[in-house]
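S.K.: If you want the building blocks of each chain, they are given just below.
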Amino acid sequence: MSEPTVGDGAGLNRHPLDDFIRVDRFPHIWCSTCGLGTVLNAFITTVRDGDIPRQDIAVVSGIGCTGRSAGYVWLDSFHTTHGRALPFATGLKLANPKLKVVIISGDGDIAAIGGNHLIHAARRNMDLTLICVNNFNYAMTGGQFGPTTPRKARLTTAPFGSYEHPFNLPFLADSCGATYVARWTALHVRQMQTAFAEALHHKGFSFVEIISPCPTVYARRNQLGSGLDLLKYYHDNSVVRNGIDTRECDIGYQEEIIVGRFVVQEKLTYLETMHEHLAQALGAKYVPYPGPMDD
Amino acid sequence: MKYWRKPLGADEKKPPHGEVHVIFERCKGCGFCVAYCPRKVLDISTEFNRKGYHPPVVTHPERCVNCRLCEALCPEFAIWNTLDQPEEAVKE
Amino acid sequence: MSKPARGAVLTGAHYLDGDHAAAEGAIAAGCRFVAGYPITPSTEVAERIAERFPRIGGTFIQMEDELASIAAVLGAAWAGAKAMTVTSGPGFSLMMENLGLGIMTETPCVVIDVQRGGPSTGLPTLTGQQDMMQARWGSHGDYEIIALCPSSPQECFDLTVTSFNLSEQYRLPVLLMMDECVGHMTEKVIIPPADGIAVKGRRWYKGPKDTYRPYAPGPDGVPLMVRAGLDYRIHVTGLTHDERGYPVINADTQQKCVSRLVSKVRDNVDDIVMFEEDDDVRDGNAEVVVVAYGISARVATKAIADARRLGLKVGMLRLITAWPFPERKIAALAERVRLLVVPELNMGQMYREVQRAAAGRCRTALVPHCGGWVHNPDDILKAITGSAP
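Protein chains in written order, with the numbering used here: chain E, 1 to 295; chain D, 296 to 387; chain F, 388 to 776.
Note that these hints are calculated values from the structure, not bench results.
Predicted model, so just to flag it, every value in this text is computed and none were measured.
You may find that some hints are simply not true.
Said to hold, decoys possible - Here are the simulated DSS-like cross-link-like pairs (lysine-lysine), alpha carbons at most 27 Å apart as the crow flies:
no., chain 1, residue 1, chain 2, residue 2
1, F, Lys593, F, Lys643
2, D, Lys309, D, Lys335
3, F, Lys575, F, Lys587
4, E, Lys98, F, Lys587
5, F, Lys689, F, Lys716
6, D, Lys346, E, Lys232
7, F, Lys596, E, Lys98
8, D, Lys335, E, Lys232
9, E, Lys232, D, Lys297
10, F, Lys593, E, Lys98
Stated by the list, open to error - Just so you have them, the derived chain F footprint on chain E, three or more residues with Cβ under 8 Å:
no., segment
11, 52-66
12, 69-81
13, 92-101
14, 275-286
As the list claims (entries may be wrong) - Computed far set for chain F versus chain E, every beta-carbon distance over 10 Å:
no., residue
15, Pro610
16, Arg685
17, Leu699
Just so it is clear, CB atoms sit at the ideal spot from N, CA and C, and this is done for glycine as well.
Bound-form chain E, shown alone (with noise of 0.2 Å):
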């Protein structure tokens, strides 16, 4: 690809982190004060000063506002369809197991439509590292009610108010088998780049749930008021709870936010069970997958 040039062409104004982002498609599509572009910095911030080579990471996101992260960082990523971004990504990782894999997708895309995927992904332990952004709403398409929706919330499929149980993504994560489960607000920038970090250099499956606001569709439809405030509602709201069940991990609407690292533990990933079962029923006859072709 060719150097990108710097959005607002003044030469002096290029940002540390310019070098790992698609300045050329800058500036990006995300509103002013959505947690998105904060999400997409943690997580730059977190490649550029980590310790995995550059090449060997792949984003892959789905539909939706948080699915559109791929196009803007400035690494092998892959763009799918919505709900499928991590199977698109466990069939990336089987065929090189060398790339160091991440999902950057919405709550719609992964727990609604990718709910299956979600759920086997996490029971597999595959080794990816899944930030699924919860802005409590199907953003991209005007502001539908999706499973991560409190009760009460006003959206336009739930004109009156949501009347459905949310899921609590850590517990569900959890229970399925992820062997890291965290969740942190926008907010929380150090947090977020330290739960990056230790998601992407957790071996099995990680799950990293990033409340972030949304202003002109979920704020704006229940009179939230902008991102800003939002930021103040997790500022005030927000409890760092490490190593809690995420049985209470529950949020309500305009209620407790309980953040913090739930789960981490040492668990066989996919691979590894393939590769020791196989090695054990074949014995010699065993040929482990070689990697990808070259030629």
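With chain E fixed as given, assemble chains D and F onto it according to the hints.
M.R.: Chains D and F alone, transformed into the frame defined by chain E:
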């Protein structure tokens, strides 16, 4: 800065000093940096950029301690810090 | 891996059913990633792969559903593997969205559909040829696709290799439209030695990183590919994109993007289309031509033999590529023959294409059959002799 007692080493050590850089045209006026700067270094500018947003202006540059919270919070990659004085130089 | 590893290819003469032969074909073609989901009558392909792969350095994973299977196949292709999935009608329907992603992102891979009676759950264990139009039009949006139809277990082997080769040549998912009969039929399959099998490697771009444009077409309309992990920092998206791979949402880019995807196949149709014709058909002696594919072609040979005994000048045109459809061949035939008979295990799918290409220059007759069993050759004979209604 107000302390309830004088910190040990306050005579020998000083907090680092940082410089804030703003990429004026990138800003979308979210206000995160202004709201969360712990040293109240920034304010919303009265000027506006091409898109009509009001970027931050550094009103109290002397107060910046290079905590880099603004840099980490910014969704637009529009603000960052550089360290003015290397921290080691302060140790005696 | 442009040449299959010697030890992996099962050289020799075997008795295999079509499903097993297809699995061997994939292995011979260098496929080393399969993601699948069990569905009758395709499950045996995955079962054989599950057994063979650990001994030859392949990765098999049974995914949680067909949507996951095709998504994993696309991911594996982008990681640098030759990848395949297998399914039947209901699973084929589930795969349609991601098939579109494969087409839009120009991902080489193979999807095998071992057709059965439909619609819906239909006849899981019995044959049909009812997904033929779906192979062409199943995914939303405008595109061209390549679909092949084997008529024997030997062809299941051969055409699986061909499918992989075509997918690498033209950078798109290629469909192998088997049917339950051919899939579950056991016949002699000759597998040549590895160096006797023509296998096409991936068309890699090996040039400088900073001038690489992932979707800039070569002279044949096909862009060269890279894989993840080599610091090319590619962006691959299902959104309409420009040559850099970046989404550009406007009519101009749509025009460029879609018309290239379509031309990629249409402009190369002469190299892609394959069919088999009897001597009578080639030499212009036939007055009636039976246009058939898959298991129906095998059944039609009996009807043709019977018709010849009655003194009729009749021959077969067997479609090997159903898509792209051999329009020019049919149009040329329609000038010379009296009647084109199309027996198929559906209510008229490829028949419509034959009618369209013939454009009224000759009569056409459909011998439909809802599937569940093969045609009674007498019904095809009746259509040939003209005594069918």
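S.K.: When the structure is checked against the list of hints, which entries are broken? Sort them ascending.
M.R.: As far as the earlier hints go, not one is violated by this structure.
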